[in-house]
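Enquirer: What follows is the residue order along each chain.
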Amino acid sequence: MTSRFPERGRLPRTLHPGAWWLWALGLATAASRTTNPVLLVLIIAVAGLVVARRRGDAPWALAFRLYLLLGAFIVFSRVLFRVVFGGGQGDHILFTLPEIPLPAWAAGIRLFGPVAVEQLLGGLYDGLRLATMVVCIGAANALANPKRLLKAVPGALYQVGSAVVVALSVAPQLVESVLRVRRARRLRGGRQRGMRALRGIVIPVLADAMDRSLALAAAMDSRGYGRVGTLSPRARLVTGVLVLGGLVGVCVGVYGLMDGSAPRQLGLPMLLAGTAVAAAGLLWGGRQVRRSVHRPDRWRLGEVLVVCCGIGSGGLLYLTSQVDAANLYPSLNPLAWPELALLPSLAVLVGVLPAWLAPPPELSSPPAGGWDERRPASSGVPARVGGSAEGTAGLTAAGAEPVVPAHRTGGGGDGEPPGPPSRAQERTTP
Amino acid sequence: MIEFDRVTVHYPEAAEPALREVDLTVGEGELCLVVGRTGAGKSTLLGAINGLVPHFTGGHLHGEVRVGGVSTASRPPREFAHLVGRVGQDPLAGFVTDTVEDELAYTMEQLGVRPEVMRKRVEETLDLLGIAELRRRPLRTLSGGQQQRVAIGAVLTAHPAVLVLDEPTSALDPTAAEDVLAAITRLVHDLGVTVVAAEHRMERVVQYADRLVHLPGDGSVLVGSPSEVLDVSSVAPPVVELGRLAGWRPLPLSVRDARRRAAGLRERLRDQPRPVRGRAPVGADDQPRLVARRVVVRYARLPAVREVSVELAPGAVVALMGRNGSGKSSLLWALQGSGPRQGGTVSVDGTDPKEVGAAEARALVGLVPQTPGDLLYLETVAEECEQADRESEAPEGTCRRLLDRLTPGIPPDLHPRDLSEGQRLSLVLAVQLTAAPAVVLLDEPTRGLDYHAKANFGALVRELASEGRAVLLATHDVEFVAGVSDRVVVLAEGEVVADGPTAEVVVASPAFAPQVAKVLSPQPWLTVSEVRDALAGAEARV
Chain L
1 MTSRFPERGR
11 LPRTLHPGAW
21 WLWALGLATA
31 ASRTTNPVLL
41 VLIIAVAGLV
51 VARRRGDAPW
61 ALAFRLYLLL
71 GAFIVFSRVL
81 FRVVFGGGQG
91 DHILFTLPEI
101 PLPAWAAGIR
111 LFGPVAVEQL
121 LGGLYDGLRL
131 ATMVVCIGAA
141 NALANPKRLL
151 KAVPGALYQV
161 GSAVVVALSV
171 APQLVESVLR
181 VRRARRLRGG
191 RQRGMRALRG
201 IVIPVLADAM
211 DRSLALAAAM
221 DSRGYGRVGT
231 LSPRARLVTG
241 VLVLGGLVGV
251 CVGVYGLMDG
261 SAPRQLGLPM
271 LLAGTAVAAA
281 GLLWGGRQVR
291 RSVHRPDRWR
301 LGEVLVVCCG
311 IGSGGLLYLT
321 SQVDAANLYP
331 SLNPLAWPEL
341 ALLPSLAVLV
351 GVLPAWLAPP
361 PELSSPPAGG
371 WDERRPASSG
381 VPARVGGSAE
391 GTAGLTAAGA
401 EPVVPAHRTG
411 GGGDGEPPGP
421 PSRAQERTTP
Chain C
1001 MIEFDRVTVH
1011 YPEAAEPALR
1021 EVDLTVGEGE
1031 LCLVVGRTGA
1041 GKSTLLGAIN
1051 GLVPHFTGGH
1061 LHGEVRVGGV
1071 STASRPPREF
1081 AHLVGRVGQD
1091 PLAGFVTDTV
1101 EDELAYTMEQ
1111 LGVRPEVMRK
1121 RVEETLDLLG
1131 IAELRRRPLR
1141 TLSGGQQQRV
1151 AIGAVLTAHP
1161 AVLVLDEPTS
1171 ALDPTAAEDV
1181 LAAITRLVHD
1191 LGVTVVAAEH
1201 RMERVVQYAD
1211 RLVHLPGDGS
1221 VLVGSPSEVL
1231 DVSSVAPPVV
1241 ELGRLAGWRP
1251 LPLSVRDARR
1261 RAAGLRERLR
1271 DQPRPVRGRA
1281 PVGADDQPRL
1291 VARRVVVRYA
1301 RLPAVREVSV
1311 ELAPGAVVAL
1321 MGRNGSGKSS
1331 LLWALQGSGP
1341 RQGGTVSVDG
1351 TDPKEVGAAE
1361 ARALVGLVPQ
1371 TPGDLLYLET
1381 VAEECEQADR
1391 ESEAPEGTCR
1401 RLLDRLTPGI
1411 PPDLHPRDLS
1421 EGQRLSLVLA
1431 VQLTAAPAVV
1441 LLDEPTRGLD
1451 YHAKANFGAL
1461 VRELASEGRA
1471 VLLATHDVEF
1481 VAGVSDRVVV
1491 LAEGEVVADG
1501 PTAEVVVASP
1511 AFAPQVAKVL
1521 SPQPWLTVSE
1531 VRDALAGAEA
1541 RV
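As they're listed, the protein sequences go chains L and C. Residue numbers for the first sequence follow my numbering, beginning at 1 and rising by one. Residue numbers for the second sequence follow my numbering, beginning at 1001 and rising by one.
In short, the hints are calculated from the structure, not lab data. Certain hints may be false.
Said to hold, decoys possible - Restraint-style ranges between C-beta atoms, simulated for each label pair:
1. L:R196 - C:E1116: 52 to 60 Å
2. C:V1117 - L:T14: 16 to 24 Å
3. L:L283 - C:A1014: 44 to 52 Å
4. C:S1220 - L:R234: 23 to 31 Å
5. C:R1135 - L:W60: 50 to 58 Å
6. L:L319 - C:P1138: 24 to 32 Å
7. C:D1190 - L:L214: 30 to 38 Å
8. L:P269 - C:E1079: 42 to 50 Å
For each residue, glycine too, the CB sits at the ideal point set by N, CA and C.
Just chain L, same shape as in the assembly (with noise of 0.2 Å):
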């Protein structure tokens, strides 16, 4: 399959990262659907393999390990709940713990006393599915950078999705500043204990970031945030009020297509009204913003064919669940191992299409070889993009000598500032 699209379409490009959260819906839909242990870890595998070809070197691309604990805990817990809180249906009994009397008014609830394998499986499937969603949406996280997310808002939420861009940039001075407030605090000795000691680095903490709040206000300010864009109220209220309720039709309708026993009009149609109306808000007051986007990500074959492998994922596996229920949700009672169908498993195949279909991603950081970070920067002749040398004229001294050259080559340690080793990591490295 991959041979009707050779390399010309393969060039290393970000996926939009629309089209990757679809994918990663259609997937977690699939799981949504059944208990059947074998299948759930086949869509693990699945989204595991597609984030481990497909995913660039952002940090944020490196936390699908978390997500996979994450999944872990989920079982974990799950099993041990059925433990504690046994109820003890089921035949097969597994081993007896004491169990613990509970006063009359808590009847119905049972701690400890009999485990059955029944109770146990039961938790461990049940787990296993929501976990499995866990991960879906970590792969999603994993392969599309959350920033750029919030860039391809629409233009009605723009402002909105600028905030969350900041207060995201915002955490990790934070952290940085502790850190160093922490520090110096030991520099003080450090004697105190309890609330003196706290107040001895919230306030410097405080006021650090009071500080830098301000000087990206200001920056912000003279950098024309907010210059265009500015809805009226009026317009403000009615494309709240379209896409909230929008965004709850979209809830709704999830909802209803993820619970099997939901009503039928529950499910697509509400999804279909609610996108609608939120499509429309957002529409609306988008209108009235005037703003373009640097390199914004568009829908291409690559988008088109992962959605279409995620969502195909998703409707397979749901079309199996009217045909065929029986095998997506294997029986506890009588107990029975877990059966592997034809149908079910090709749906979850299709949605590892991706890990070949997608285009790979740019990496950030050189490949081994690639350019020389250490080179003066001044020095070298700067490559030129196509169609960029006309109407700047003036530019073209890019290249010419630097103004002050005089000390660039001399001894005495000096050079190039290195790259990596910032000054900020100088400041604040733990």
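Since the structure of chain L is provided, determine the placement of chain C on it from the hints.
Expert: Below, chain C without anything else, positioned relative to chain L:
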């Protein structure tokens, strides 16, 4: 391009106006340098250009500021984004996005520039500032000079007619500062951008300036060509001081100007006794107070300090130099005992400060970190002093007495955040000295200090040394090092690449030589005061 018409700025809580009746016209394509002591109103003047003063900062502005014919009173600062690009003191604090390319595009996105145009301008700006290879790098991982160039590029992509820079090179090592200055002069000469910059380290910038705006501190301004203004200015770089001393007219602004006229001065100085550098041993048992052997510091896989050995003798001031990120701070923190140290030994009078508790370590080695404000957390100067006495179990009033000796006359009820940079530095130093450490470590102490504050602080450091303490200071400030230190250690990539008496190390290095040394080399004079003393000595003998 920029017109100030009888501008007076008055902040509500201040008794005196920050600017008084200022008339100033800056023409197109000029590089205008704003100088003056701390608190003289430099930032106010810069902020008024795009309307941040008073729209953002508050206060009252009488008169009118016009940029490109548009009055700043008529619209908020964001409506000037296409006209005025402003880069603040700390470029990192002004970054909105997290990668270089996004940051360059941010202003254009706000202006609604079409994507094709945006793409082209980003590429042009990357080339113009020599940062093309950094395009996908996260902003936080860049070095100081790179960050400064990205910050300039980020406002430049909107093609502003005016660029306002607040202390563009203050935090940078000499080489990174030259990169940034090269970029700025290229903008002025090739693109005709009007640049207004404030800078404490005038010696780096003044030679490129077309015009100097001097703020004497009373709210007035003095505008003129650099050599005219410097003749009467209260702040001047060493090369100008040397010119004043030697009576050169017009005053030289660059090392080149001065060197071409210095033949006569070198002749007069030739037979003078060489300046005495390096402290005489304090006592017979001149044991080093701090001995560090093969100190290793590493963060994850990245080694910051590789097997560095240092000895600090009592009464000596040692300067630690090297570019940003060369391991200076890491070494200081490791020597103090609070920072990580993966190998080697440190001994202060026989004790390893890392082995003992924080309070004891502090009595052995006092460290003033790069951001001294981190150490302060109480409401008034008096409370900080009392707290310091309690922390080091010193008699009541010790810290206050130290502070009064360092910088007399700081009101005790002032909030530490309202102190000037120099006063805050003194307060933190006093707090650290309350524990009576034998070794004092200073990390970038001269950051944000003007020439006067720096001279005072230099005298103070010498005094600490004369009391028998060992002082180690990490700094980029070559002029400060020339005036204060006995020995210089140069670090590169965490290794010692030079270690010796100041005159030997500094004169031989093109980046670390002070201006006087460059003018008078091969003679080993480093500071104007040395030359002044020598000339006075010559006259006395005649």
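Enquirer: Confirm or reject each hint.
Expert: Verification of the supplied hints:
no. : hint                         : in the structure
1   : L:R196 - C:E1116: 52 to 60 Å : 59 Å, holds
2   : C:V1117 - L:T14: 16 to 24 Å  : 21 Å, holds
3   : L:L283 - C:A1014: 44 to 52 Å : 50 Å, holds
4   : C:S1220 - L:R234: 23 to 31 Å : 50 Å, violated
5   : C:R1135 - L:W60: 50 to 58 Å  : 19 Å, violated
6   : L:L319 - C:P1138: 24 to 32 Å : 44 Å, violated
7   : C:D1190 - L:L214: 30 to 38 Å : 34 Å, holds
8   : L:P269 - C:E1079: 42 to 50 Å : 47 Å, holds
Going through the hint list in order, the structure does not satisfy hints 4, 5, 6.
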